[in-house]
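Chains A and B are the protein sequences, given in the same order.
Under this note's numbering, read the first sequence as residues 1 to 309, first letter to last.
Under this note's numbering, read the second sequence as residues 310 to 912, first letter to last.
It should be emphasised that the hints constitute simulated quantities derived from the structure, not laboratory data.
All values reported here derive from a predicted model rather than from experimental measurement.
Glycine included, C-beta positions come from ideal geometry on N, C-alpha and C.
It is possible that some hints are incorrect.
Partner residues aside, some chain A positions facing chain B, computed with beta carbon under 8 Å [stated by the list, open to error]: (1) 13; (2) 30; (3) 32; (4) 205; (5) 241.
Given next are the chains, with one letter for each unit.
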Amino acid sequence: MKRKLGNFMQLGILTALGLSVLLSIFIQEISWPSTSWERLEISIIFREWNTSAWGELRFGMEKAASDYGAELRFLTPQESNSAAEQQKLVEQEVNNGADGLVIIPASGDVQQQITENKLTIPYVIMESDGDEKTSGFTPDSETIGQLLAQAATEDFPNGATALLINPLPENTGIQKRLDSVQKYLSENGFSILTADTDNWARLLLDADFVILPETTSAIQMMAFLEEQQLDIPLYAVGYSQETVNGLEDGTIRAAVVWNGYGEGYLAIQQIASRLLKTTPPESEPAVILVRKEDMYEPESQKILFPIGN
Amino acid sequence: MSFRNRIRKLLPPYRKTGIRVMISISFTAVTVIGMFLLCGMLILRFSNATRILQQDTSQRMIEQINQQMDSYLRNIMQLSDTIYYRVLKDSDFSESAPVDALELLYEENRGNLVSISVFEENGSLAAAAPVYSLKDGVSPKQQQWFIQAMDQIENHHFSTPYVQNLFDYGKEHPWVISLSRYVELNYDGETRRGVLLIDMSFSELGQICRNADLPGGGYFYITDREGEIIYHPDQQLIYAGISQNNLVEDIPETDGIHQVQVDGVPYQAVVKTVGYTGWKLISLIPLKNLANDVDQYRWFGITLLLFIVFLLAFVNMHLSEYISGPLSRLNQAVNELGAGKEDVKFREEGCIEVRQLTHSIEAMVSTLRHLMDDIIQQEQNKRRLEMEVLQSQINPHFLYNTLDSVIWLTEIERYQDATRMVSALGKLFRISLSRGKIIIPLKDELEHARHYSTIQTIRYKERFETRISAEPDTENLYTLKLIIQPILENAIYHGMAVMDEDGLITVHAWRDENNLYIDVEDNGAGMPKETLDQLLDESKPFRKSKGSGIGVRNIHQRIQLAFGPEYGLEFFSEPDEGTLVRIHLPILDEQAAARYEKEGGQP
């Protein structure tokens with residue numbers, strides 16, 4: 001009996017020691033996982049692709065992906081700004097098991113599709129004024145519009161005719177920017193002309209200046225003006241090499257810019273933080289109105305010219 | 310209480326502890342303590358070594374970057390010296406600007422440079438490569454690098470990164486770090502003040518820094534004397550207004566290793582000043598990550614320790630079992646042997662010493678058994694001899710009396726009775742001999758009694774009658790030899806001697822299950838209870854009685870010696886009523902009788 005008790009005790013001690021070995025290995029495995037965590041798969045669906053306009057955004061996203069261990073898939077509709085194609089791409093990526101989604105919607109329909117379908121994966125809709133969780137970092141549309149209108153008001157203190165071109169009438173974020181511009185200018189006695197991609201050329205000569213609420217349309221407009229050798233002041237939104245050149249040669253009188261690199265970084269950071277259940281550090285990226293005179297000011301340089309590291 | 314006594318009190322009562330537990334506990338305790346000390350020392354040494362290694366790595370990395378940076382900057386400074394002393398000093402700007410020489414030097418350092426330019430005191434461009442004119446509206450004179458060069462003429466001045474906008478680089482807007490210095494320009498013998506500006510490509514400088522790979526998730530950055538960032542791995546994010554917290558708020562002024570707080574998190578900072586520029590290289594490694602490595606070593610050590618302890622405990626337990634198990638089983642076998650168990654088996658196992666001990670004990674037990682068997686045999690032989698002696702006691706007394714009676718019968722010419730007596734005596738002796746057997750058939754024993762009774766009836770002149778009978782189921786049974794005759798003898802001498810002619814003795818054999826009973830009953834004088842009680846009481850002195858000399862106590866002893874204490878004689882008697890002596894025997898058939906004869910012991 002005594003011997004049996006002794007055997008049980010020995011067995012108990014051995015079991016306890018064996019378990020403690022396993023426990024210590026388990027603790028190490030938890031604290032310092034030997035294998036790298038599963039990479040997050042995040043899909044980014046652009047509404048169009050323009051290296052100059054979206055290049056910095058992409059670099060920022062890639063930097064965040066590197067910091068958070070994510071793998072990015074960049075997708076663009078074959079037809080620029082095609083809402084239908086974007087909707088298909090959203091479905092396709094969700095079905096393919098993407099962990100997160102960043103979308104720059106071509107229209108409100110795409111945004112509506114995402115919000116109504118209540119995606120179970122985290123997503124960020126850029127160029128929109130959604131809630132904090134889904135809007136990523138795109139400056140408030142009303143603020144952008146207001147800054148543009150203020151710049152125009154300063155340049156035309158006695159009022160003038162403004163042409164507001166909306167290249168994406170169905171994009172709610174962009175429409176809001178123009179609404180804000182229109183409101184401000186109207187209050188200050190400006191005449192407002194509105195146009196879309198089909199009729200802006202007809203109204204161009206009637207305008208004293210043009211308001212362009214997004215980057216690609218500004219690039220196209222500069223190219224058009226150069227080709228037509230027209231000198232109509234432009235007020236643009238967003239960073240691109242062409243925007244900088246436009247500012248420098250005076251084609252663009254003022255531009256509301258923010259750092260595309262930072263915008264891209266924050267979009268991925270927001271999704272990765274939600275997937276990893278961490279709290280991202282609070283950031284308040286700067287949004288500035290730049291004119292030719294102050295584009296080489298230190299603070300403007302930092303936002304306007306990518307340092308490239 | 311002395312120290313030794315206290316220690317003893319604390320220790321387990323080792324005298325009561327088994328060898329297995331003793332070996333297990335002591336071996337395990339010694340190895341565990343040893344391993345704890347060893348692993349503890351190793352962990353401490355490894356932790357310190359890791360910490361030192363990390364610091365060394367960090368410092369070496371910073372030193373390396375510093376050297377590269379210093380070398381790079383010195384090259385640029387040497388270039389500025391070359392430009393100044395070999396080109397500008399030898400040039401007469403009133404005749405022509407040394408653009409070719411500047412272009413040549415630019416081409417030689419193309420990878421590192423964006424542009425080389427020389428400005429007059431009023432800010433106008435004197436010479437430049439590979440650019441030739443200033444942008445409209447720019448004013449070099451108002452720029453910081455220009456002001457510093459003119460203010461501190463003996464120094465080289467390095468700027469923080471900025472986008473160079475003096476010249477038109479087409480669609481490019483290069484980030485540069487500028488070296489500016491005061492120069493004197495020769496205008497036809499007239500010395501004019503000026504500024505030499507060398508724009509270094511920021512991306513080249515960044516390339517030097519990007520190659521550094523600090524351990525423990527660390528990073529490093531460079532600031533100027535005022536804390537303005539020259540290089541940071543997240544520079545773009547910082548410029549975008551993100552990751553502002555990746556910087557040390559109060560950079561330690563002295564070079565070396567410091568502990569700093571970055572965004573409330575403790576970091577190990579290594580600070581190194583880049584020679585001439587006063588720039589500070591700051592490497593930051595989160596202390597948590599450094600501690601992580603140490604913690605990993607510590608946990609690895611703990612796991613290793615636990616595993617070794619587990620292994621040692623396992624080995625110790627098996628070793629102690631290997632040593633003590635055979636001893637324990639040997640002890641158990643010896644105990645069983647001591648308790649009287651006969652078929653105790655000894656297993657020769659374990660170490661050679663224990664095997665030898667087991668073998669010796671087994672040999673000793675075997676010898677003991679043989680000795681015991683010999684003793685038992687001797688005892689049995691002794692008992693047999695005793696019985697034979699007891700049986701042989703019948704002969705002289707009875708023979709004398711019988712022969713005396715035969716003589717007497719012959720003298721009185723009762724030849725027929727004498728013949729009957731001699732015949733009975735002959736048969737009596739024949740049965741008595743029974744070829745030396747101890748166990749004889751019951752019918753022979755009854756026949757023996759009959760012959761004896763015949764002799765005694767003649768001797769006592771027919772004063773009593775003897776009736777001998779047996780139940781049919783007792784026919785083939787066996788009994789101890791010569792047990793009825795002495796009882797008959799007693800019945801005659803003590804019961805019939807006083808009778809006239811109506812004495813009756815009955816001998817009746819009967820069976821009850823596994824018991825054989827032979828009742829010898831007389832109607833003689835009987836005996837009082839006191840006498841009855843003393844008959845078989847061995848504590849009472851043996852009373853010599855008339856007759857063959859073999860008392861009933863002898864019969865009783867013989868039966869019990871032969872068959873066990875549950876058998877023997879029983880007496881029932883009443884004074885003047887007679888006496889019944891009941892002989893109680895086991896049932897013995899022919900085989901049992903033969904086995905008894907062969908073994909000489911109990912059937």
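- Message: Output the indices of the hints that this structure fails to meet, ascending.
- Response: 2, 4
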